[in-house]
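*Asks:* Take a look at the letters that make up each chain.
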Amino acid sequence: MTPEKPLSSRQCIYNLINRLPIDRIPKGELVIDPDVLMAAGYAQSGFDETLEMIHYLGLDLVVISPKYPTNPHRLPTPADYHWPDLNRWVQQTPLFTFAILDGAFEWGLRLFGLEDFLPKIVRSSDFVHEFIHQVETYNIKLFENLVTEGIDGIILADDIASSASVLVRPTTLRNTFLPSLARQAEMIQSKNIPVFFHSDGNYSLVIEDIVNAGFDGLHCLDKNAGMEINKIQEQFGDRICLWGHLVANDVTQSVHTSFRAELVDQIHQLSVQGRIILGTTSGLFTGIDTSLLKQIYSAV
Amino acid sequence: MKNEAIAEAIVELEDDDALRLVQEAIDEGLDARDVLENGVMAGLREIGNRFESKEYFLAELTMGAKLVDQLIALLDPHLPKIQGPKRGVVVIGAVKGDLHSIGYGMVAKQLELAGYEIHNMGINTPPMAFIDKAREVKADIIGLSAFLVTTIPYCSEVINYVRDMGLKDQFKIIIGGAETNQEVADVMGADGFAPNASQAVKLCDQLLGITV
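Just so you know, the sequences run in chain order A and B. Count the first sequence with my numbering and you get residues 9 to 308, in order. Count the second sequence with my numbering and you get residues 4 to 215, in order.
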């Protein structure tokens with residue numbers, strides 16, 4: 009059933025997540041890189057310019073990434089965190105506002121580097137458990153601050169996979185990182201805030217565990233990494249929202265009318281079969297043609 | 004027996020055992036090249052097989068490659084120096100943004116042992132640095148390593164610069180690294196892709212029309 013009045017962006021995403029009627033396929037980007045705004049002719053890349061780009065593309069959500077000082081081998085303190093324009097996004101726009109919290113895997117890669125962190129996971133379970141506990145406690149503190157600011161949703165971002173597969177053994181993920189993500193998801197949802205999981209790459213070996221962890225949605229779903237949205241929807245679409253799907257090649261190729269028409273058809277199919285938020289898998293970075301992307305979004 | 008033990012220690016990621024066994028092989032006067040080929044590289048190949056079959060993951064691949072780098076450093080002074088004409092000249096390194104020496108170091112060593120002159124550019128190499136060095140040493144091949152998805156675009160950048168500067172006929176460009184594959188190479192217009200060090204030698208031979 010379609011709502012009588014057009015839904016606000018915030019309401020549209022809310023309804024989608026909560027299985028209530030929606031009047032369109034909602035759209036959203038994980039990132040809008042400042043260079044994209046510059047390439048579009050803006051002199052600056054602040055709140056107003058980002059909002060204009062969001063309106064131009066017809067997006068329904070915005071994602072706020074935190075800023076913090078970088079310290080080698082040490083997490084910043086919650087007091088160091090700054091969420092750019094969070095209050096304005098929440099109070100002054102009709103957009104559903106997500107904030108990103110990084111998971112322990114992501115933090116480990118950032119603080120120690122891939123070459124040091126992966127062996128630590130394999131060789132030292134004490135270190136891993138302690139580090140995961142540290143990040144979990146830290147995220148809960150950050151989340152509590154975000155709730156008081158009126159955040160609409162959380163993305164727990166943990167890049168646990170490369171385009172080939174997960175970076176460490178699935179059993180290691182199941183015994184260490186995933187239970188912590190599940191606890192965080194449960195805590196966030198206990199405040200009636202929806203929570204999505206984001207990872208790049210192909211995490212199909214543990215996707216069932218991630219769905220079972222209780223997330224409201226999954227973001228990215230990069231078909232170039234073998235994460236086929238059709239198959240994922242078939243398997244888990246009744247339990248979880250799927251957000252992403254478009255890759256750079258879809259945007260480039262949509263210059264051809266027939267390609268775009270077929271792509272739009274596929275997207276409509278997906279939206280009939282399950283709950284989807286349309287977006288690129290990577291977010292908007294230099295090289296993505298925003299005018300072509302707008303044509304796709306307008307046609308959907 | 005020694006080579007088998009070395010290979011097994013590598014596959015099991017037993018760093019101390021592998022280092023001890025290679026040192027023993029050197030002390031016993033075993034042929035360093037044979038130890039490299041049939042011990043060290045055999046172990047690494049098995050890690051690659053296990054990675055392919057999803058028994059091992061990037062963590063084990065990274066640890067194995069790091070260990071092998073240490074073992075090569077141990078063997079290096081004992082490996083034969085190539086005499087006579089060079090098979091070709093290769094400029095090789097990790098592209099801009101990529102801080103991982105894993106993998107391409109082994110490719111460089113295998114190529115050197117096969118008779119190639121190697122110019123190692125190290126990690127985080129800007130696109131023009133590859134091209135400047137290739138022109139300076141009159142390279143036949145530029146080898147680009149990208150360990151992460153995020154650094155793959157910098158391989159394209161080198162390829163585009165070479166094309167735009169009208170140098171495409173002078174250098175062949177090959178790519179490799181954990182996140183690359185033949186399709187990625189084809190899309191960006193590279194002359195070739197190699198999944199491992201021994202394939203890289205075959206690829207370079209093939210590109211230069213060398214039959215062994």
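Derived by calculation from the structure, the hints in this document are not laboratory data. A few of these clues could be false.
[Stated by the list, open to error] Each computed DSSO-like pair below joins lysine-lysine, with the alpha-carbon atoms no more than 30 Å apart:
#	chain 1	residue 1	chain 2	residue 2
1	A	Lys239	B	Lys99
2	A	Lys128	B	Lys99
3	B	Lys99	A	Lys231
4	B	Lys5	A	Lys128
5	B	Lys57	A	Lys231
6	B	Lys57	A	Lys75
7	B	Lys89	B	Lys69
These numbers were taken from a predicted model, which means no experiment stands behind them.
*Asks:* State for each hint whether it applies.
*Replies:* Right, here's what the structure says about each hint:
Between Lys239 of chain A and Lys99 of chain B the alpha-carbon distance is near 36 Å, which puts this suggested pair outside the 30 Å criterion. For the given pair, Lys128 of chain A sits about 26 Å from Lys99 of chain B by alpha-carbon distance, which is consistent with the 30 Å threshold. The hinted pair formed by Lys99 of chain B and Lys231 of chain A meets the criterion: a straight-line CA distance of about 26 Å does not exceed 30 Å. The straight-line distance between the Cα atoms of Lys5 of chain B and Lys128 of chain A is roughly 29 Å, inside the 30 Å bound, and the hint therefore holds.
Simply put, Lys57 of chain B and Lys231 of chain A have alpha-carbon atoms about 19 Å apart, close enough for the 30 Å limit, and the pair holds. The straight-line distance between the Cα atoms of Lys57 of chain B and Lys75 of chain A is roughly 36 Å, outside the 30 Å bound, and the hint therefore fails. Between Lys89 of chain B and Lys69 of chain B the CA atoms are separated by roughly 28 Å; this keeps the pair inside 30 Å, and the hint holds.
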